[in-house]
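Here's the letter readout for the chains.
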Amino acid sequence: MLTIKNLVTQYDSIKALDDISFQAKPGVITTVIGANGAGKSTLLRTISGLERPTSGTIQWFDKELTRMSVEAIVRGGITQVPEGHAVISQLSVAENIELGGLFRKRIARGDLAKATTEVYELFPLLYDRRNEPAGSLSGGERQMLAISRALVSRPKLLLLDEPSLGLAPLITAQIIEIINNLCRNTGLTVLLVEQNANTALKVAEHGILLALGKVVADAPARELINDSALRTAYLGY
Amino acid sequence: MSKYLNLKPKVIGRRSSILGALLFAFFIALSAQFGPYNQTQLANVSMLLIAVLSITLLTGASGQISLGQGAIMAVGGYGAALLVVRLGINMWLAFFLAIFISALFGLFLGLAAARLSGPYLAGTTLVMALAIPSIAVRFEGFFSGDVGFSVDYGVPPEWLSNLVGEITIEEWSLYAVLPFTALALIAVLNLSNSRTGRSWRAVRDNEVAAALSGINISRSKVKVFVCASALAGLAGALYGFRGLVAPSVYPTDLSLTLLTAAVIGGLRSIGGAIFGTFVVVYLPDIIEKISGGLEISESIGTHLPALILGALLLLTVILNPRGAAGSLEHLRHHKKH
Amino acid sequence: MESLLTAIFSGTAQGSIYALVSLGLVLVWRGAGVVNFAQMGQAMFTTYIASQMIQNDYSYWSAFVVALAAGGLLGGLVDLGLMRPLTSRKNSQLLNSQSMRNAIPIIASLGILGILKALAGIIWAGEERGFPGPVQPNPISFGSTNLAITSFDLFVIAVVFFTLLLTTIFFTKTGMGLAMRASALNPEVTRLSGIKVSWVRTLGWIISGTASSLAGLLITPRTNLSPNTLDLLLIIGFTAAVVGGLTSLAGAVLGGFILGYVISFVSVYSAPENVFIAILLFLLFALFVRPQGILGSKEVRRV
Ligand SMILES: Nc1ncnc2c1ncn2[C@@H]1O[C@H](COP(=O)(O)OP(=O)(O)OP(=O)(O)O)[C@@H](O)[C@H]1O
Ligand SMILES: [Mg+2]
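Taken in sequence, the protein lines are chains A, B and C.
The first sequence runs 0 to 236 under numbering that gives the first Met the number 0.
The second sequence runs 0 to 336 under numbering that gives the first Met the number 0.
The third sequence runs 0 to 302 under numbering that gives the first Met the number 0.
Read the hints as simulated data drawn from the structure, not as lab findings.
Please note that the accuracy of each hint is not assured.
Unchecked claim - In silico BS3-like cross-links for lysine-lysine, where the CA-CA straight-line distance does not exceed 30 Å:
(1) A/113 x C/172
(2) C/195 x A/62
(3) C/195 x A/104
(4) A/14 x A/62
(5) A/113 x C/195
(6) A/155 x C/195
(7) A/104 x C/172
(8) C/195 x A/4
As the list claims (entries may be wrong) - Computed, partial: chain C to chain B, Cβ under 7 Å:
(9) 96
(10) 97
(11) 103
(12) 105
(13) 106
(14) 107
(15) 109
(16) 110
(17) 113
(18) 114
(19) 120
(20) 237
(21) 276
(22) 282
Claimed, not checked - Computed Cβ-Cβ distance ranges for the label pairs, DEER-style:
(23) B/189 x A/36: 41 to 51 Å
(24) C/122 x B/194: 44 to 54 Å
(25) C/164 x A/124: 28 to 38 Å
(26) B/298 x C/72: 18 to 28 Å
(27) C/176 x A/109: 20 to 30 Å
(28) C/53 x A/124: 51 to 61 Å
(29) A/211 x C/164: 50 to 60 Å
(30) B/297 x C/136: 32 to 42 Å
(31) A/185 x C/284: 56 to 66 Å
(32) A/10 x B/211: 15 to 25 Å
(33) B/210 x A/124: 38 to 48 Å
(34) C/176 x A/172: 35 to 45 Å
Just so it is clear, the structure is predicted and the values come from calculations on it, not from any experiment.
All C-beta atoms in this analysis are idealised placements derived from N, C-alpha and C, irrespective of residue type, glycine included.
Go ahead and model the full structure; you've got the sequences and the hints to work with.
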């Protein structure tokens with residue numbers, strides 16, 4: 000269970016997150032939707048420890064994350080796939096994947112090999128191109144690689160920042176489907192940030208709508224899909 | 000911004016000339032009180048201050064870092080010495096021509112530097128600091144090699160002696176330098192307050208924003224290099240005419256000493272430059288006074304000033320990157336509230 | 000013919016040392032975004048330590064090992080004690096300008112350089128002294144003709160090649176090597192992979208310190224040792240790093256060898272006094288003709 004209470008994150012004097020509270024249930028997808036600049040990325044960055052909140056708490060079960068370092072949070076099972084297909088383009092595909100599991104190399108060598116095989120099974124295309132630099136991949140392939148890098152760390156909570164960014168609807172659907180299956184089969188918890196509300200709400204169990212750093216709706220995804228008033232007011236369509 | 004510069008924009012124009020003149024008078028009055036040794040030291044301060052001011056412009060106002068100001072001093076020094084020795088030109092004229100020679104040099108340097116930044120510029124100017132003095136050795140016939148040129152300020156003119164009485168050699172070298180120092184101070188004060196100075200600070204703080212507001216970044220960088228080189232070249236000419244223009248007079252360490260003076264005094268403040276220059280010139284004396292009673296070996300005595308300067312430099316960047324002038328400003332600020 | 004051989008052999012031996020220096024600079028620049036102008040000051044200091052040990056009748060090899068360890072230690076200390084706090088602090092009030100944020104670490108490294116030189120002067124009196132190699136510089140002969148290379152040159156080349164081989168294996172075959180490359184290329188993604196980037200950076204400083212300490216041990220038997228001896232090596236290494244691209248480790252090594260040949264050809268075919276000017280001209284040439292360096296990538300270089 001991810002529990003966020005009264006979270007405030009500021010860039011200098013601008014409050015990008017303004018007193019945010021919500022919960023994300025384990026084993027399901029919770030989606031955070033909102034327009035540009037709503038504070039979605041800031042939320043994920045604060046959970047990961049990349050930004051320090053001014054006040055408020057973030058709890059993952061009984062662990063308080065706001066005082067942990069970025070590395071400790073990842074090692075504690077919370078991995079982020081940042082915005083914009085974040086892979087290291089000068090490294091090969093295989094190296095990018097290896098990087099995701101590097102911190103477990105000593106403690107869980109066997110499982111690491113297994114996790115690597117699993118992501119290659121999920122995305123066979125990456126296996127074929129494992130020795131090529133990540134920079135030579137297409138946008139969709141890079142997103143797959145970024146997700147693979149996160150998955151080999153065996154996260155318990157996966158933070159996805161706009162995986163659909165710049166991708167064709169078909170590929171987006173494919174990626175979201177894979178994530179959905181992971182949730183069902185492995186009990187992975189997912190916090191999915193999306194601007195594309197339709198796609199996200201279809202797979203998610205719960206939805207949070209952010210606007211200007213505040214939570215304006217917090218309801219089961221089914222309800223949000225049908226709330227056209229809310230959508231016109233905050234997403235503009 | 001004026002908060003960070005110890006200059007209050009509106010009053011500078013009027014004030015700078017008065018300040019320069021007052022400082023000049025103050026130094027002259029002061030110099031009469033001192034013995035020959037302190038007069039020589041004061042002359043050193045006045046010369047080096049001009050070079051330190053070049054860093055105040057370059058790094059403090061415009062954010063360009065140069066580790067080779069000593070080499071530009073060499074350019075000015077050799078320029079003036081060659082004009083006097085080879086062409087028999089009048090010394091005073093040679094000083095002014097040295098300003099132009101080094102400004103021209105600064106133009107080329109600036110054209111190169113406009114394309115470089117941060118570590119590239121620092122490294123390139125450091126290479127320059129080592130390479131330029133070696134040119135004198137390489138072209139020994141023209142630059143007279145390691146021996147260099149013996150040049151000095153000559154004897155004081157008769158009218159001055161008639162005016163103020165007997166003038167010693169030490170007093171004369173101080174009097175000869177002071178007008179240039181005053182001119183340099185006035186020039187720097189006015190420059191940093193001009194539109195050009197404001198555009199330099201904009202480039203320093205954020206190049207992208209400065210470019211968006213219509214400032215030509217390259218031209219701004221070239222300009223500051225020309226001005227700074229002119230100052231450093233003048234300082235080099237004055238520094239050489241203490242007696243010798245030779246590679247050993249302008250070593251790499253000189254460049255680093257100048258930077259140290261500018262940093263510990265406060266890169267963005269003219270008062271800081273003055274303070275820093277006094278520190279680097281007088282620190283060896285002070286240390287000798289303090290350690291005079293103690294029994295310390297010769298090697299400690301010679302290297303202690305450098306050690307303390309290095310430590311001061313480090314402490315400044317760690318604790319207070321705005322230097323002594325910055326802390327003073329900070330104090331004043333606190334008292335008011 | 001003979002001078003050509005001389006130039007090639009001495010270029011290789013010198014170039015391999017320059018490659019080490021340039022490698023050290025690039026490692027720290029890539030990892031921490033700092034050009035460490037104190038690097039060869041650190042090497043000078045550790046070479047003095049070795050020299051002191053040899054004077055006190057320790058063997059060359061124990062002095063060698065201690066100097067390398069001291070080099071690593073010094074590099075790590077510079078990072079932990081100075082550069083890490085300087086580059087990570089966020090007091091935007093004090094450092095409210097871009098260019099000053101870049102200038103501060105440079106100035107700090109110059110402070111370290113000044114302190115190390117003064118300390119060496121105080122402890123070891125600062126006058127020039129010789130420094131031995133492990134083998135006598137006997138000329139190697141091939142049949143009846145003497146080649147323009149000594150057994151010490153061969154030793155230098157062998158040590159450097161061995162070091163470069165180790166470094167290559169480290170960077171391409173080990174997890175730590177991968178972590179170092181990743182941290183340099185994209186620190187945020189690397190942190191999000193659970194890797195402690197700041198410690199990886201410190202490791203970069205340690206390796207850099209060790210490599211430059213090795214360079215100091217290998218060059219001083221030719222040049223003698225004084226607090227200022229290694230200044231020249233720093234600017235040669237810097238030029239080599241720029242020639243190689245400043246961001247590429249392979250480029251750094253290549254740049255080192257190129258500088259080795261440039262310098263040895265200049266001193267054999269024109270005159271040793273021309274070396275300084277040659278370096279300056281070569282640096283300017285490199286900066287203007289190919290600013291991204293031979294192997295550097297255009298996007299990474301922020302000029
Ligand atoms: N590094 C930063 N410095 C200053 N302000 C920032 C920074 N990052 C984000 N902001 C501001 O914080 C607010 C929230 O930004 P954030 O990136 O979290 O939005 P977002 O919901 O992810 O938008 P998008 O859908 O465009 O990715 C915006 O107003 C943005 O301008
Ligand atoms: Mg975003």
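A quick look at each hint next to the structure:
The hinted pair formed by residue 113 of chain A and residue 172 of chain C meets the criterion: a straight-line CA distance of about 20 Å does not exceed 30 Å. Annotation: proposed proximity of residue 195 of chain C to residue 62 of chain A holds, straight-line Cα distance about 20 Å (limit 30 Å). Note on residue 195 of chain C and residue 104 of chain A: the hinted pairing holds, with a Cα-Cα distance of about 14 Å set against a maximum of 30 Å. Our distance criterion of 30 Å between C-alpha atoms is met by residue 14 of chain A and residue 62 of chain A, whose separation comes to about 25 Å.
Of the pairs offered as hints, the one joining residue 113 of chain A and residue 195 of chain C holds, with about 24 Å between alpha carbons and a cut-off of 30 Å not exceeded. This hinted pair checks out: residue 155 of chain A and residue 195 of chain C have alpha carbons roughly 20 Å apart, not beyond 30 Å. At roughly 14 Å between alpha-carbon atoms, residue 104 of chain A and residue 172 of chain C fall within 30 Å of each other, so this suggested pair holds. For the given pair, residue 195 of chain C sits about 28 Å from residue 4 of chain A by alpha-carbon distance, which is consistent with the 30 Å threshold.
For residue 96 of chain C, the suggested interface contact is upheld, since its CB lies about 4 Å from the closest CB of chain B, less than 7 Å. Hint status for residue 97 of chain C relative to chain B: holds, with the closest Cβ pair at about 6 Å, below 7 Å. Look at residue 103 of chain C: its Cβ gets to within about 5 Å of chain B, closer than 7 Å, so that hint holds up. For residue 105 of chain C, the interface hint holds, the least distance from its beta-carbon to any beta-carbon of chain B being 5 Å, beneath 7 Å.
The beta carbon of residue 106 of chain C comes within 5 Å of a beta carbon in chain B, closer than 7 Å, and the hint placing it at the interface holds. Using the Cβ-Cβ criterion of 7 Å, the hint placing residue 107 of chain C at the interface with chain B is satisfied: the shortest such distance is roughly 5 Å. Because the closest C-beta pair between residue 109 of chain C and chain B is about 6 Å apart, less than 7 Å, the hint holds. Given the 7 Å rule on beta carbons, the hint for residue 110 of chain C holds: about 4 Å separates it from the nearest Cβ of chain B.
About 3 Å separates the beta-carbon of residue 113 of chain C from the nearest beta-carbon of chain B, less than 7 Å, and the hint is met. With its C-beta approaching chain B no nearer than about 4 Å, residue 114 of chain C sits inside the 7 Å limit, and its interface hint holds. Given the 7 Å rule on beta carbons, the hint for residue 120 of chain C holds: about 4 Å separates it from the nearest Cβ of chain B. With 7 Å as the threshold, the beta carbon of residue 237 of chain C comes within range of chain B, its nearest partner Cβ sitting at about 4 Å, so the hint holds.
About 6 Å separates the beta-carbon of residue 276 of chain C from the nearest beta-carbon of chain B, less than 7 Å, and the hint is met. A cut of 7 Å between beta carbons decides the hint on residue 282 of chain C: the least distance to chain B is about 6 Å, and the hint holds. Between residue 189 of chain B and residue 36 of chain A the CB atoms are about 45 Å apart, so this pair conforms to the stated range of 41 to 51 Å. Checked against the hint of 44 to 54 Å, the C-beta distance between residue 122 of chain C and residue 194 of chain B comes to roughly 52 Å, which is consistent with it.
Taking the beta carbon of each, residue 164 of chain C and residue 124 of chain A are about 35 Å apart, inside 28 to 38 Å as hinted. For residue 298 of chain B paired with residue 72 of chain C, a C-beta distance near 25 Å keeps the hint of 18 to 28 Å intact. For residue 176 of chain C paired with residue 109 of chain A, a C-beta distance near 22 Å keeps the hint of 20 to 30 Å intact. Restraint check, residue 53 of chain C to residue 124 of chain A: a C-beta distance of roughly 60 Å satisfies the suggested window 51 to 61 Å.
One distance hint, 50 to 60 Å for the beta-carbon pair residue 211 of chain A and residue 164 of chain C, holds here, with the actual separation near 57 Å. About 34 Å separates the C-beta atoms of residue 297 of chain B and residue 136 of chain C, a value consistent with the hinted range of 32 to 42 Å. A C-beta distance of roughly 58 Å is found between residue 185 of chain A and residue 284 of chain C, which places it inside the suggested range of 56 to 66 Å. For residue 10 of chain A and residue 211 of chain B, the Cβ-Cβ distance of about 20 Å falls inside the hinted range of 15 to 25 Å, so the restraint holds.
Between residue 210 of chain B and residue 124 of chain A the C-beta distance comes to about 42 Å, which sits within the given range of 38 to 48 Å. One distance hint, 35 to 45 Å for the beta-carbon pair residue 176 of chain C and residue 172 of chain A, holds here, with the actual separation near 38 Å.
Against the hints set out earlier in the document, no violation occurs for any number.
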